[in-house]
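> One-letter residues, chain by chain:
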Amino acid sequence: METTVIGPRKTFSLKDIKELWQYRELLYFFTWKDLKVRYKQTTIGILWAILQPFITMVVFTIFFGKLAGLPSDGVPYPIFVYTGLLFWQFFSGALSETSSSLTGNQSIITKVYFPRLILPISSVITKFIDFLVASIILVAMMIYYGYTPYLGGLFIIPLLLLITFMASVGLGLFLSAINVKYRDVRYALPFFIQILLFLTPVIYPASIAGKYSWFLALNPMTGVIQSARAALLGSTPINWFLIGISAIACFIMLLIGIVYFKKVERYFADVI
Amino acid sequence: MKKPIIEVRGVGKKYDIRHMRGGYIALRDVVMNVIKSPFSFLKSKAKQVVGLEKKEEFWALKDISFEVNKGEVVGIIGANGAGKSTLLKILSQITPPTEGEIILRGRVGSLLEVGTGFHPELSGRENIFLNGAILGMKRREIEEKFDQIVKFAGIEKFLDTPVKYYSSGMYVRLAFSVAAHMEPDILLVDEVLAVGDAEFQKKCLGKMNEITQTEGRTILFVSHNMAAIRSLCKKCILLNKGKIEIMGETEKVTAIYRTLSKVADLETTSLHDRLRRTSGDVQFQGVKALKDSEECWEFKQDEKLEFHFACKATKNVENLSFFMAFLEPETGKIIGNSWGDIKKENVHAGEQFSFSVNIPPKTFRPTQLLLYFALTNKERTKWYDVIDANVGLPILDIMPTNIEPNENEGLFVVPFTLESTKRNK
Numbered sequence: 001m002e003t004t005v006i007g008p009r010k011t012f013s014l015k016d017i018k019e020l021w022q023y024r025e026l027l028y029f030f031t032w033k034d035l036k037v038r039y040k041q042t043t044i045g046i047l048w049a050i051l052q053p054f055i056t057m058v059v060f061t062i063f064f065g066k067l068a069g070l071p072s073d074g075v076p077y078p079i080f081v082y083t084g085l086l087f088w089q090f091f092s093g094a095l096s097e098t099s100s101s102l103t104g105n106q107s108i109i110t111k112v113y114f115p116r117l118i119l120p121i122s123s124v125i126t127k128f129i130d131f132l133v134a135s136i137i138l139v140a141m142m143i144y145y146g147y148t149p150y151l152g153g154l155f156i157i158p159l160l161l162l163i164t165f166m167a168s169v170g171l172g173l174f175l176s177a178i179n180v181k182y183r184d185v186r187y188a189l190p191f192f193i194q195i196l197l198f199l200t201p202v203i204y205p206a207s208i209a210g211k212y213s214w215f216l217a218l219n220p221m222t223g224v225i226q227s228a229r230a231a232l233l234g235s236t237p238i239n240w241f242l243i244g245i246s247a248i249a250c251f252i253m254l255l256i257g258i259v260y261f262k263k264v265e266r267y268f269a270d271v272i
Numbered sequence: 001m002k003k004p005i006i007e008v009r010g011v012g013k014k015y016d017i018r019h020m021r022g023g024y025i026a027l028r029d030v031v032m033n034v035i036k037s038p039f040s041f042l043k044s045k046a047k048q049v050v051g052l053e054k055k056e057e058f059w060a061l062k063d064i065s066f067e068v069n070k071g072e073v074v075g076i077i078g079a080n081g082a083g084k085s086t087l088l089k090i091l092s093q094i095t096p097p098t099e100g101e102i103i104l105r106g107r108v109g110s111l112l113e114v115g116t117g118f119h120p121e122l123s124g125r126e127n128i129f130l131n132g133a134i135l136g137m138k139r140r141e142i143e144e145k146f147d148q149i150v151k152f153a154g155i156e157k158f159l160d161t162p163v164k165y166y167s168s169g170m171y172v173r174l175a176f177s178v179a180a181h182m183e184p185d186i187l188l189v190d191e192v193l194a195v196g197d198a199e200f201q202k203k204c205l206g207k208m209n210e211i212t213q214t215e216g217r218t219i220l221f222v223s224h225n226m227a228a229i230r231s232l233c234k235k236c237i238l239l240n241k242g243k244i245e246i247m248g249e250t251e252k253v254t255a256i257y258r259t260l261s262k263v264a265d266l267e268t269t270s271l272h273d274r275l276r277r278t279s280g281d282v283q284f285q286g287v288k289a290l291k292d293s294e295e296c297w298e299f300k301q302d303e304k305l306e307f308h309f310a311c312k313a314t315k316n317v318e319n320l321s322f323f324m325a326f327l328e329p330e331t332g333k334i335i336g337n338s339w340g341d342i343k344k345e346n347v348h349a350g351e352q353f354s355f356s357v358n359i360p361p362k363t364f365r366p367t368q369l370l371l372y373f374a375l376t377n378k379e380r381t382k383w384y385d386v387i388d389a390n391v392g393l394p395i396l397d398i399m400p401t402n403i404e405p406n407e408n409e410g411l412f413v414v415p416f417t418l419e420s421t422k423r424n425k
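Top to bottom, those sequences are chains A and B. Residue numbers for the first sequence follow the numbering used here, beginning at 1 and rising by one. Residue numbers for the second sequence follow the numbering used here, beginning at 1 and rising by one.
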């Protein structure tokens with residue numbers, strides 16, 4: 001028989017992971033609901049997930065690629081920027097979704113118990129599905145421009161996704177927990193994301209920064225986007241060192257996020 | 001002997017009033033405080049750490065210990081703010097206790113609200129799955145019971161309509177139906193029967209009865225509805241100001257609850273709350289409903305109602321006037337009100353005075369009434385003091401007289417005259 005012991009608990013433990021596993025169906029249902037609700041009453045539905053990065057790509061190509069003439073490591077600019085955008089929008093979208101995942105589900109949090117971690121995680125998964133849909137365009141572009149991904153590169157993509165996943169879950173957990181108490185996050189975040197876009201080599205190659213490119217490497221998405229381009233388009237050789245740093249940084253971010261989240265989780269129902 | 005299915009040992013829950021009042025704080029305020037006065041900020045932080053700072057603490061629950069055996073249905077009763085809902089929230093793990101420990105031996109399902117997580121854009125079918133999952137049901141379980149759920153709710157025709165187009169009745173029926181079909185070992189229920197129309201409430205009570213009797217499930221049931229408590233629960237816990245007053249046979253406990261809640265308590269505790277919303281220039285010091293010159297808040301419908309008020313002025317006040325209203329407990333709707341001048345129109349600071357209000361017999365039909373008394377000026381632009389259920393005023397019970405069934409229906413008696421008139425041919 002299941003036995004539950006309730007007491008003043010505090011920290012993250014193995015029990016939490018076990019619990020998450022028990023509630024995996026709820027995770028599925030939350031994700032399913034998010035997708036379902038988002039595209040209800042829209043006429044083109046999930047196509048929005050494609051349209052958004054696609055149009056951004058077109059605009060960026062015209063302004064940054066053609067008019068400003070930004071370099072693109074010898075790769076056609078549209079496919080160069082789309083690869084970056086794909087990962088970038090996964091990351092930034094997940095970040096903004098997770099940060100409001102708790103406050104947006106206030107009525108559930110104050111009435112039913114379930115591991116709260118499920119809410120932010122399901123937001124990230126929702127964005128991941130958008131990512132998958134939007135990558136269809138990338139495949140189409142690769143065929144059009146005649147790029148065959150370097151075989152070893154394909155194996156890197158899951159690793160890169162894992163890193164992005166860790167980064168957005170980690171940072172997202174942190175932000176969502178803060179947002180419960182300090183609603184400033186809602187206003188600060190879009191601004192922050194916008195600035196971060198320019199500090200990440202999405203519209204330009206990291207090489208543009210010359211000897212200061214180490215500064216960009218502090219941002220884990222730099223490693224991810226650069227490696228994705230290297231793997232898929234062969235723009236530069238794969239920089240394993242950079243991936244390693246990004247992976248470790250994101251893992252630490254994830255740990256901090258989880259620990260902080262668990263620490264304040266117990267107040268959610270009281271404060272939200 | 002078998003171990004009890006619920007064991008609660010020394011549970012307490014503390015809230016910081018500071019947290020409660022503002023809800024959330026803007027980061028800006030925190031930052032501004034640091035910038036404006038960095039030293040006092042550091043000092044108060046340091047005090048917090050050392051534990052010197054006096055925070056306003058409020059124990060919603062304190063020293064709660066009890067045990068429930070498998071198959072028992074236990075009612076939890078108590079006045080508003082006694083801690084009933086907090087207890088259920090702790091038991092269902094929504095909020096952790098500040099101290100103490102609880103052991104639950106079985107799967108727990110909580111029903112603190114019907115329709116938690118319903119999404120208006122989703123169809124009835126989709127919401128059944130979503131809501132079921134939120135309530136902790138497995139997908140297989142939901143699929144198995146799907147037909148029963150739909151049938152009980154009676155929404156077969158509208159299964160694929162988004163619930164935002166449902167009538168509120170249909171919505172509640174569907175929500176309750178999903179919840180009623182979960183099968184945990186321990187079920188925690190909070191006042192959910194207070195929704196829906198009378199017929200559906202009966203159906204819900206019936207369903208609850210069925211669950212409790214046939215399936216031997218353990219249930220904790222919070223309600224203000226004494227009739228429901230009596231019909232469902234053998235045992236009851238009476239909470240009073242965050243503590244267990246008594247636990248035992250339902251009849252005994254409800255009897256004690258009546259005496260407990262039937263004394264108006266306008267002590268200084270409530271004065272603090274009252275002064276937050278009124279000026280307090282003239283204050284109620286005591287209020288009693290009187291029957292045969294003894295305090296009593298239960299009247300038969302053919303008895304006259306008498307209220308006695310003791311007041312004190314803290315400032316000079318002119319044109320003092322009295323206002324009273326009677327409200328329906330469930331909805332808070334006013335079903336009757338009156339006002340009148342108090343003979344003593346002008347009072348001086350420090351003056352004490354009293355007055356009584358009489359209401360003739362057979363004004364109200366048998367019902368429960370929330371009371372609302374206020375001291376105002378004649379124009380009702382200034383409110384000096386207001387007392388009602390929020391500050392500990394008991395609920396007024398008007399009891400039936402059993403003479404003629406029709407006499408027990410409705411809310412009030414309509415005065416009328418009847419004159420014979422000639423028929424013109």
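Heads up, some of the hints might be wrong.
[To be verified] Okay, the calculated beta carbon distance ranges per label pair:
#1 B:K207 x A:F191: 25 to 31 Å
#2 A:R186 x B:I35: 48 to 54 Å
#3 B:K241 x A:W48: 52 to 58 Å
#4 B:I35 x A:I55: 41 to 47 Å
#5 A:G244 x B:G71: 39 to 45 Å
#6 A:G146 x B:E183: 31 to 37 Å
#7 A:S107 x B:G71: 28 to 34 Å
Everything labelled a hint here was simulated from the structure, so no lab data went into it. Just so it is clear, CB atoms sit at the ideal spot from N, CA and C, and this is done for glycine as well.
> All hints are to be evaluated individually against the structure, with a verdict given for each.
Hints and how they fare:
no., hint, in the structure
1, B:K207 x A:F191: 25 to 31 Å, "52 Å, violated"
2, A:R186 x B:I35: 48 to 54 Å, "22 Å, violated"
3, B:K241 x A:W48: 52 to 58 Å, "54 Å, holds"
4, B:I35 x A:I55: 41 to 47 Å, "42 Å, holds"
5, A:G244 x B:G71: 39 to 45 Å, "59 Å, violated"
6, A:G146 x B:E183: 31 to 37 Å, "60 Å, violated"
7, A:S107 x B:G71: 28 to 34 Å, "32 Å, holds"
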